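Colleague: If you want the building blocks of each chain, they are given just below.
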Amino acid sequence: MAAADRMRRAVDALARALALPAEGGPSLGRVFVAALVVLFAFEAVTGLLLALTYVPSPTDAWASVFFLDRVVTGGWMLRGLHHFAAQALLVVLACHLVAVAAAGAYRGAGRGGWWAALGLLVMLLGLLITGHRLPWDQNTYWALQVELNLAGAVPVIGPPLRRLVLGGADAGKLTLTRLYALHALFLPLAAWWLLRRVRSGVAPEGARRLPAWVAPTIVWIALLVVAGVTVATGGPALGAPAEPDRAFPARPEWFILHLYALRSLVPPSLEIAAITVVPGLGFALLVALPWIDREGERARRVPALAGAGAMLLAVVALTGVAAAKEPDEDTKEAFAEADRRRARALELADDGIPPGGPLAMLANDPLTRGRDVYHQYCTGCHVLDGEGERKAADHTGFASRAWIVALLHDPDAPHFFGETGIDDMPSQSDKGADALRDAAAFLFSLGVQEGEEAPPAERVARGRTLWEGKCMTCHLFEGDGDFLGLGGPDLTGYASVEWIRTQTARPETHYGELDEMPAFEDQLRPHDVDMVARYLRLQRFEEPVFPERPDDDEDGR
Amino acid sequence: MTDRRTFIGWLAAGAAAAGAALAGIPGLGAVLDPLLRRSRDTGGWRDVAPEPLVPAEGPVSLPVVGDVVDAWSRAEDQVLGTVWLRRTDDGIAALSAECPHLGCKVSWSKDEGQYACPCHESGFGEDGSVLYGPSPRGMDPLETRVRDGRVEVRFKRFRTQTSDRVEVG
Numbered sequence: 077m078a079a080a081d082r083m084r085r086a087v088d089a090l091a092r093a094l095a096l097p098a099e100g101g102p103s104l105g106r107v108f109v110a111a112l113v114v115l116f117a118f119e120a121v122t123g124l125l126l127a128l129t130y131v132p133s134p135t136d137a138w139a140s141v142f143f144l145d146r147v148v149t150g151g152w153m154l155r156g157l158h159h160f161a162a163q164a165l166l167v168v169l170a171c172h173l174v175a176v177a178a179a180g181a182y183r184g185a186g187r188g189g190w191w192a193a194l195g196l197l198v199m200l201l202g203l204l205i206t207g208h209r210l211p212w213d214q215n216t217y218w219a220l221q222v223e224l225n226l227a228g229a230v231p232v233i234g235p236p237l238r239r240l241v242l243g244g245a246d247a248g249k250l251t252l253t254r255l256y257a258l259h260a261l262f263l264p265l266a267a268w269w270l271l272r273r274v275r276s277g278v279a280p281e282g283a284r285r286l287p288a289w290v291a292p293t294i295v296w297i298a299l300l301v302v303a304g305v306t307v308a309t310g311g312p313a314l315g316a317p318a319e320p321d322r323a324f325p326a327r328p329e330w331f332i333l334h335l336y337a338l339r340s341l342v343p344p345s346l347e348i349a350a351i352t353v354v355p356g357l358g359f360a361l362l363v364a365l366p367w368i369d370r371e372g373e374r375a376r377r378v379p380a381l382a383g384a385g386a387m388l389l390a391v392v393a394l395t396g397v398a399a400a401k402e403p404d405e406d407t408k409e410a411f412a413e414a415d416r417r418r419a420r421a422l423e424l425a426d427d428g429i430p431p432g433g434p435l436a437m438l439a440n441d442p443l444t445r446g447r448d449v450y451h452q453y454c455t456g457c458h459v460l461d462g463e464g465e466r467k468a469a470d471h472t473g474f475a476s477r478a479w480i481v482a483l484l485h486d487p488d489a490p491h492f493f494g495e496t497g498i499d500d501m502p503s504q505s506d507k508g509a510d511a512l513r514d515a516a517a518f519l520f521s522l523g524v525q526e527g528e529e530a531p532p533a534e535r536v537a538r539g540r541t542l543w544e545g546k547c548m549t550c551h552l553f554e555g556d557g558d559f560l561g562l563g564g565p566d567l568t569g570y571a572s573v574e575w576i577r578t579q580t581a582r583p584e585t586h587y588g589e590l591d592e593m594p595a596f597e598d599q600l601r602p603h604d605v606d607m608v609a610r611y612l613r614l615q616r617f618e619e620p621v622f623p624e625r626p627d628d629d630e631d632g633r
Numbered sequence: 132m133t134d135r136r137t138f139i140g141w142l143a144a145g146a147a148a149a150g151a152a153l154a155g156i157p158g159l160g161a162v163l164d165p166l167l168r169r170s171r172d173t174g175g176w177r178d179v180a181p182e183p184l185v186p187a188e189g190p191v192s193l194p195v196v197g198d199v200v201d202a203w204s205r206a207e208d209q210v211l212g213t214v215w216l217r218r219t220d221d222g223i224a225a226l227s228a229e230c231p232h233l234g235c236k237v238s239w240s241k242d243e244g245q246y247a248c249p250c251h252e253s254g255f256g257e258d259g260s261v262l263y264g265p266s267p268r269g270m271d272p273l274e275t276r277v278r279d280g281r282v283e284v285r286f287k288r289f290r291t292q293t294s295d296r297v298e299v300g
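Residue numbers (the numbering used here), protein chains in the order written: chain A, 77 to 633; chain B, 132 to 300.
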């Protein structure tokens with residue numbers, strides 16, 4: 077049977093790869109080749125399987141990786157194995173290069189294999205970098221910007237290269253299709269072509285032979301480490317979705333961290349030179365090793381290998397320097413905000429991601445978009461969770477029953493209207509604590525939405541009686557009230573989404589002559605007004621925080 | 132006169148070359164397309180905010196919104212970039228939030244009264260001048276004008292890592 081025959085040959089080939097050559101065990105210069113072959117095959121298989129789910133588009137990339145991680149059976153494990161085996165491949169390739177160099181196996185007939193391995197190193201770095209950009213989260217997006225802007229600063233070839241990878245002037249749809257095509261087709265084919273030549277490299281005569289079990293053992297250790305790291309970490313983390321409008325302190329992956337460290341050590345004008353010329357010269361030295369250290373000229377061996385060794389040490393040292401650097405406060409804050417958005421995005425994504433992708437999802441989320449708008453437009457006068465300037469009411473726990481009770485006790489407190497010019501409302505403490513709780517229950521009930529728990533009906537009813545009897549002498553309500561003509565704020569539908577929308581867009585609708593708040597109607601788009609209103613309404617479920625808490629409100633119930 | 136074998140040889144070579152050209156010419160075109168085709172953005176004035184939104188003290192960051200044509204898609208009201216607006220003696224001035232070093236988004240630190248880039252620690256004064264760090268030039272100023280009480284900005288992007296301002300087209 078031809079098929080069985082082919083299968084046997086494939087198994088033979090794998091066996092040869094695992095213990096090259098069969099007689100007497102592999103040479104030191106080739107022991108890692110077996111691991112390279114197996115890990116490469118492993119990457120090919122896991123990559124093919126990931127391609128069943130992944131979609132290379134700005135709207136779907138993050139979403140499909142989310143789906144892979146959270147929904148697809150075994151998806152997180154598959155992605156984790158692919159992710160960590162790629163890094164193991166890099167480590168094994170580095171070991172191979174060191175072993176070949178130490179054995180002098182790059183000399184003579186071995187030089188083709190040496191060059192192929194160096195070419196493979198370039199392809200592998202390309203595969204790692206393109207692969208890490210595919211999930212399209214904040215770090216991948218901003219790291220890509222930095223990398224391509226660095227590449228774009230290289231004279232002559234830089235700008236067109238940047239444009240070719242981005243597929244235009246900016247990152248967009250073609251960026252991901254191009255990165256994906258490079259990662260899944262072009263680079264693996266080139267790497268495979270090179271890997272075959274790495275295998276065909278021959279160690280020089282008399283190289284030390286190792287026992288036959290060494291190569292398979294190394295493969296098994298590499299695979300076990302990959303599996304162990306994947307399970308221990310739960311797979312690589314998916315960050316917050318890429319937001320081109322939101323700053324993020326991008327940091328490179330460990331395998332390019334040495335360039336990041338190198339860049340920060342030189343004066344700004346030399347940056348590009350440092351990260352192109354220095355690694356370029358180092359790589360050139362490795363390529364030139366077979367010529368510098370020729371067969372039969374042992375005297376040149378020591379300086380050549382000392383140079384290569386110094387380079388390896390420099391890479392390790394620079395990586396260590398960059399990895400040990402403690403992030404500053406701003407960076408930590410930015411990471412914390414990114415973590416918050418990540419957690420929120422994952423939570424929302426569990427209910428399904430809209431066709432517009434994670435950005436559309438976050439743009440329609442009050443807790444994300446509403447919060448962004450609040451922090452940009454409202455904290456100039458309002459305080460929420462301790463952030464902002466106290467020029468008007470504190471919004472922490474806004475319109476919760478405890479908040480309303482506290483306001484009724486002391487409207488002129490600094491966390492209510494104390495810092496504003498509004499001072500016409502007297503304290504209502506004389507009505508008694510229980511009456512204030514009734515009033516608060518009534519006012520709270522005006523903003524209760526379907527499916528939410530309303531305060532006890534009898535309390536609301538008592539509160540309404542109180543409201544109609546006492547409060548409507550000053551306050552407008554459902555087209556009635558303000559019998560004294562003092563123009564007290566209209567509380568029809570108080571603290572409902574609609575009420576807060578109107579309050580945000582056209583506050584004079586509620587406050588009339590008393591209004592001091594700017595109308596945000598012409599600063600915010602209607603969608604943002606809606607988002608901030610929905611965000612603020614959620615404060616009714618939070619605990620208010622007062623600088624000095626009035627005694628008699630306990631929990632406001 | 133060529134014999135039959137040579138003729139067939141030429142024919143085969145010609146077919147191979149034609150095949151290579153047939154795939155190669157459009158193939159090369161597709162690969163190099165981003166270099167051959169430029170974006171259609173006209174770099175016109177864009178409405179950014181009502182004039183009173185710019186505070187008396189310190190800058191405010193605002194998105195620049197417009198239609199984005201990206202490959203086969205056209206989307207309305209997309210964020211094109213971010214600008215920092217502030218008041219100066221001559222009216223309202225705008226700085227692009229894109230760091231001239233490597234394109235990260237620059238933030239304003241209220242406590243320190245300066246801009247800072249989160250990626251490689253460049254710092255800029257309120258007027259956008261470089262205070263420290265690797266940025267080769269100050270933050271990029273953008274033309275602004277006020278029309279009917281609204282601030283408009285002529286939004287542009289510039290190449291990063293250069294000491295001169297070279298517009299990206």
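Just so you know, these hints were derived from the structure itself, not from any lab.
Predicted, not measured: the structure shown is a model, and the values here were computed from it.
There may be inaccurate statements among the hints.
Listed next, the in silico DSSO-like pairs over lysine-lysine satisfying Cα-Cα at most 30 Å (straight line) [said to hold, decoys possible]: (1) A:Lys401 x A:Lys467; (2) A:Lys467 x B:Lys241; (3) A:Lys507 x A:Lys467; (4) B:Lys287 x A:Lys401; (5) B:Lys287 x B:Lys241; (6) A:Lys546 x A:Lys507; (7) A:Lys546 x B:Lys241; (8) A:Lys249 x B:Lys241.
Quick look at which bits of chain A chain B covers, simulated, 3 or more residues with Cβ under 8 Å [claimed, not checked]: (9) 193–204; (10) 221–227; (11) 234–241; (12) 247–255; (13) 336–350; (14) 500–511.
In this text, a Cβ means the ideal position worked out from N, Cα and C, and glycines have one as well.
Colleague: Next step is simple, just say for each hint if it's right about the structure.
Modeller: Okay, the hints, checked on the actual structure:
{"no.": "1", "hint": "A:Lys401 x A:Lys467", "verdict": "40 Å, violated"}
{"no.": "2", "hint": "A:Lys467 x B:Lys241", "verdict": "18 Å, holds"}
{"no.": "3", "hint": "A:Lys507 x A:Lys467", "verdict": "28 Å, holds"}
{"no.": "4", "hint": "B:Lys287 x A:Lys401", "verdict": "35 Å, violated"}
{"no.": "5", "hint": "B:Lys287 x B:Lys241", "verdict": "26 Å, holds"}
{"no.": "6", "hint": "A:Lys546 x A:Lys507", "verdict": "10 Å, holds"}
{"no.": "7", "hint": "A:Lys546 x B:Lys241", "verdict": "45 Å, violated"}
{"no.": "8", "hint": "A:Lys249 x B:Lys241", "verdict": "36 Å, violated"}
{"no.": "9", "hint": "193–204", "verdict": "violated (count 0)"}
{"no.": "10", "hint": "221–227", "verdict": "holds (count 4)"}
{"no.": "11", "hint": "234–241", "verdict": "holds (count 4)"}
{"no.": "12", "hint": "247–255", "verdict": "holds (count 3)"}
{"no.": "13", "hint": "336–350", "verdict": "holds (count 6)"}
{"no.": "14", "hint": "500–511", "verdict": "violated (count 0)"}
In this structure, the earlier hints numbered 1, 4, 7, 8, 9 and 14 are contradicted, and the remaining ones agree with it.
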